[in-house]
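A.B. asks: Keeping their order, the protein sequence lines are chains A and B.
When the count follows the working numbering, it moves up by one through the first sequence with no breaks and lands on 714 for the last residue.
When the count follows the working numbering, it moves up by one through the second sequence with no breaks and lands on 714 for the last residue.
All the given hints hold, so there is nothing to weed out.
Covered by chain A, per the in silico footprint, the following chain B stretches (three or more residues, Cβ under 8 Å):
1. 24 to 36
2. 167 to 181
3. 282 to 296
4. 647 to 658
No wet-lab data here; the hints were simulated from the structure.
Every residue gets a Cβ at the ideal spot worked out from N, C-alpha and C, and that includes glycine.
2 protein chains.
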Amino acid sequence: MSINLDCIFRPKSIAVVGASTRKGTIGYVMLNNLIRNNYRGKIYPVNPKADNIDGIKCYHSIAELPERADQAIVVVPRDLVAQSVDECGKAGIPGVVAITAGFKEIGGEGIQKEKEVVDIIRKYGMRMVGPNCYGVINTESAYSLNGTFSKLNPIPGRVAFLSQSGALGEVVLDYTNRLNLGISMFISIGNKADISDIEVLQYWENDPGTEVILVYIENIENPAEFMHAAKRITSHKPIIAVKAGRTESGAKAISSHTGVLAGGDVGIDAFFEKCGIVRAYSFEELFDIAMALANQPIPRGDRVAVITNAGGPGILATDAIETLGLKMARFEPKTIEYLRANLLPMAAVTNPIDVIASGGPEAYGAATQASLQDANVDALVVVFVPPIMIDHKAVLNNVIDKVKQYQNGKTIVACLMGSPRGIAGTEDLIANNIPVYAFPDGVARAFAGMTKYRQIRSKPVAEVLHFDVDKNRVSEIIDNTKKGGQKFIMGPEGMAILSAYGIKVPGSARATTEQELKAALSKLTPPYVMKTDDPQAVHKTEVGGVVLNLTTPDDALAAFNDMRRRFTRPDSSFCGVMVQEMVTGRSGSEEPSGSKSGIETIIGMNFDSSVGPLMMFGLGGISVEVMKDVAFRVNPLSKGEVAEMIKSIKGYKLLSGFRGAPPVDFEALEETMLRLSQLIVDFPELESFDINPFIASPEKGRSMAVDARFVLKT
Amino acid sequence: MSINLDCIFRPKSIAVVGASTRKGTIGYVMLNNLIRNNYRGKIYPVNPKADNIDGIKCYHSIAELPERADQAIVVVPRDLVAQSVDECGKAGIPGVVAITAGFKEIGGEGIQKEKEVVDIIRKYGMRMVGPNCYGVINTESAYSLNGTFSKLNPIPGRVAFLSQSGALGEVVLDYTNRLNLGISMFISIGNKADISDIEVLQYWENDPGTEVILVYIENIENPAEFMHAAKRITSHKPIIAVKAGRTESGAKAISSHTGVLAGGDVGIDAFFEKCGIVRAYSFEELFDIAMALANQPIPRGDRVAVITNAGGPGILATDAIETLGLKMARFEPKTIEYLRANLLPMAAVTNPIDVIASGGPEAYGAATQASLQDANVDALVVVFVPPIMIDHKAVLNNVIDKVKQYQNGKTIVACLMGSPRGIAGTEDLIANNIPVYAFPDGVARAFAGMTKYRQIRSKPVAEVLHFDVDKNRVSEIIDNTKKGGQKFIMGPEGMAILSAYGIKVPGSARATTEQELKAALSKLTPPYVMKTDDPQAVHKTEVGGVVLNLTTPDDALAAFNDMRRRFTRPDSSFCGVMVQEMVTGRSGSEEPSGSKSGIETIIGMNFDSSVGPLMMFGLGGISVEVMKDVAFRVNPLSKGEVAEMIKSIKGYKLLSGFRGAPPVDFEALEETMLRLSQLIVDFPELESFDINPFIASPEKGRSMAVDARFVLKT
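So here's chain A without its partners, still in its complex pose (with noise of 0.2 Å):
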């Protein structure tokens, strides 16, 4: 879907309207920054009692304006807004750009102000920002757009921002400034009232000169749609996110396993994870990661190479870049010779190369060269400590040059270290497209995010599978909970949920005869469990009429013929039995033997009310309760993202065969997982469920759910 926000983002000609000639208010401010950051289209001060503004002729009315204006940057008091935008309206002006506050985030009478305000915008078919927000800004020279009442100039660039904050919008702004990290667009979002967020991540996919995208947001308004957006964007471009709120518990009362495990943010990654979207845990990580994604190619592995002249800062990067998943590279022996001629005797030649303080820039050069060289770098790390004595600039610039000749698509980052008044030279790698940080840890975050990006664009696109269901089945034992003024489904309603989707459940026939029992037994495994069927026995164990654990047919038949006797009524009717296949699991620390040769796993769904259906698993037992080792994604789920999960917790080598014994059927296990998928997207009226235990057993066709609840949404 195409979006145009070009009345925002790329108006020819703007109006502010509540432009003031008092210096310091936001009024004078919006105006003076648009003058002063050379905003290249025409600028139309509006304020009825002004008739110029520094110089700049000032309109009493809207209607007064010489042209049709693109954009109408809106400053007047609360109260005054809706006149005002329906003034642009009638004007045919169609951007707005609303930057009072007072409406809905007071709530109270704010809400309504607001919806007057959209009504407005609605019914001239106008596009708005805001209200209550920052403001927007646009650097391509064509526009040179600063319409915020930020003190700073944007430092044109690729990436571009959106702030749900419009505090942490000027942040955000000095903060690029500071780090040298050129913007191609802001957006301060204010409150969505008509423009989402979601629609300008999907402007912002098409703008060629926005190579990265960055987002502060607090709250996720329509999670599918995000989602399905975000997933194509992240696709070819990346996003990079901080969500504020992330510690924040769920308030409501909890009625499942899975609702309990799902608390805290656990939804949130697994959304972000599902859209794509590289997620920052803080503004520093961020910004570390932007500056590598705006700058470098991504790494094509996660084998990193380190430069050091300093041997602490040396460990320090290689710490780092090994405590965040990523690996030293092992350079191959050609490499190691080219360095051992060309560095001083007491150069280190392995990974990390250390040039030592006496290394100037020919050891740079060549330790530069010869690490783009080599076939087992996917990317380099250039530490620097400018020691006394060496020529900083020279150090620099050398390294540069052999970028220019052998960079060949790998990844460079610099680490500048201890830069009292800013080491000579940072400006050429920074004009070089080199991003210099002042840590190790920097460049380590900067890495992981990238290659956190690389892993999602390299993963195939997600396919959901369909399955054959009753889903009529499953209606109608809903509707029946609800009718009763039940939410809870538990028992032989909630197993029979199951088997109208297709999962196994232990299996299980009518007997009233020897015969009948004799065929039955021949379609199920044994040990088995029988129960009376007579609709007078209420409480079936209390009357014997249950016996666990028959082994074999013949004990089977045994205890037929002793139930046959004990309930047999005196008009001579049998009301016949129950026989079902017995299953139990392990544990995983259990050794497995005999029918206990399946694992007990716990499968769950908990709706979150943030991103929506969270799917979990896990194995049973401790490793849920006490290690909370579990997987948690937005359903629906495709093959893929199901495999991931089985494999993401840590009892994953349980499942695949521990100390000798045969690996669960997988196949089985996902099925089940992608049919229960299809459960919750047929029935978004479930709240939460857990299937537990779900015995994942080693043999085709043994796999089975052994107790199912589920929750209905109140």
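With chain A held as given, fit chain B onto it using these hints.
C.D. replies: Frame of chain A, contents of chain B only:
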């Protein structure tokens, strides 16, 4: 122990041996730094070829100096260092700072050269820092000593810094300057040929001008001595350390279960924990914590109040605080009332307090006062995003005023976000000892570090218990093993070591007659294992000489008679049987039943080459092998430490009574670990051991070690 390093840190006169006339050389910069930083003592440049340097009289040799200098800074070429130091010794100079490199750190002849210098130092009874170091700083106004070749002038303050890396010394000074973090003393410790890191820490322990000690180290030379000193220091003065090489994994072959799990960085973590040192994992974290500790009281608890004027940053602060294990304070009702009466109607009056963007000096003052007066608040974070139209300096000074009036021992830090050119008033905060952070993450890291130090300081002194044991018996077993050229001790010998140290193992007895058997059985708890005691039966199992799982004395009697029949020799002699208690535990996830009421645990030890013996505790089975749910501590262990170890694993839930099972006999478990701790102290020749399983039983007297395997050092 009192260490006097005054000749290093507090010299009244300094000879710069190798002072140079050439700008840019280290010999020039060292001298220039002393002058430029207004060193209060006398300066004597020494250079055979110069008569004066920059107008200061230069001496041609050390012998020529007009007085006995307190210190010599030596910057001559490597091969002249020994001679210079000897001349210093002859001249009676007590302290040497040897800057020159090319010694032990380069190996080969450098090692010999260093030894020569050390011999001279010892001969004259001098003290020396280095060689291969960056120098020494003391900012006390009576000295104002910058004896480094840094371009920076350190700011005087209360933080001392020890760096093992010279290169990082400059980085550290740069960082402290940028953060306005004042330094009391600084040392680049170099090769530690004479003065060790431990001595410096002890000197700072008694320095009234140093309130916080920061350390960057790469290796720990004498862990026992280091720990002894560090424990004492950290009981009254905080040490925060960055240790490089943290992901470095041991390269040697590993021959125990515990050894495998003790890889990587586990040892260093355990070592710092025991030293009472707060470990930082990056320089950022180090300085975040240092800024708070140097300026503010340690929080009395973990309840934090947050004041903000913007929603987003408030949420980020809350997130960061909760992520690192602190709590958001719950205000008293009177606080909320006060805030409601004194803040704008739209302000949020619960924690975090949001005074909103239009909240100015009054609002910040009221919120600061109310938070500090609230008994539920231990610490306060003032977040400020400078809005247009608000007097920033007035806001921050109102905060300062209220802090002065109401601080009352609470901890206060500020987070000033988005400061393009610095926010007016920032310097006032710093001058009033309120540390300023740029992002909420730094604040949270600071609080987490302070909280960690509070816990360290409130720990009772760890007393190591002493048990009566049969040490000779163990010596005997170890000696026999060594004599046999073996390094493993297993089976009966392994169990004998445990018995000698008073650790319960399954009971056993010998019997050759029915009477003896009955007597034996009366002392043992079923089930039993019976084994022939016939020395000719080498493979006991294969000749039917082992009977397992004898559940009653009658079964045992029958087995005995059967064995007597089969193993009575032609000459009618019978060697008898060994009858033992058969002990099996359950892994945590099994239901307790009968003989399997105990839980399998594993207690192990591994000798870590950098920090010494590490004791490990975990649950048996998958908890250790799959979940890696284990705890490590550096030996020897106190009662408190053992209890902490047991409680720190996730599986503690299972030991303390899960799903209604009775808790295990913790006293027996703890005593076992303490006895093993003593064994490790008594026998330093132990490389590692696994007691696997040790059955922790709920029944008194039924917890015991079932198998043990010891490995000797080779």
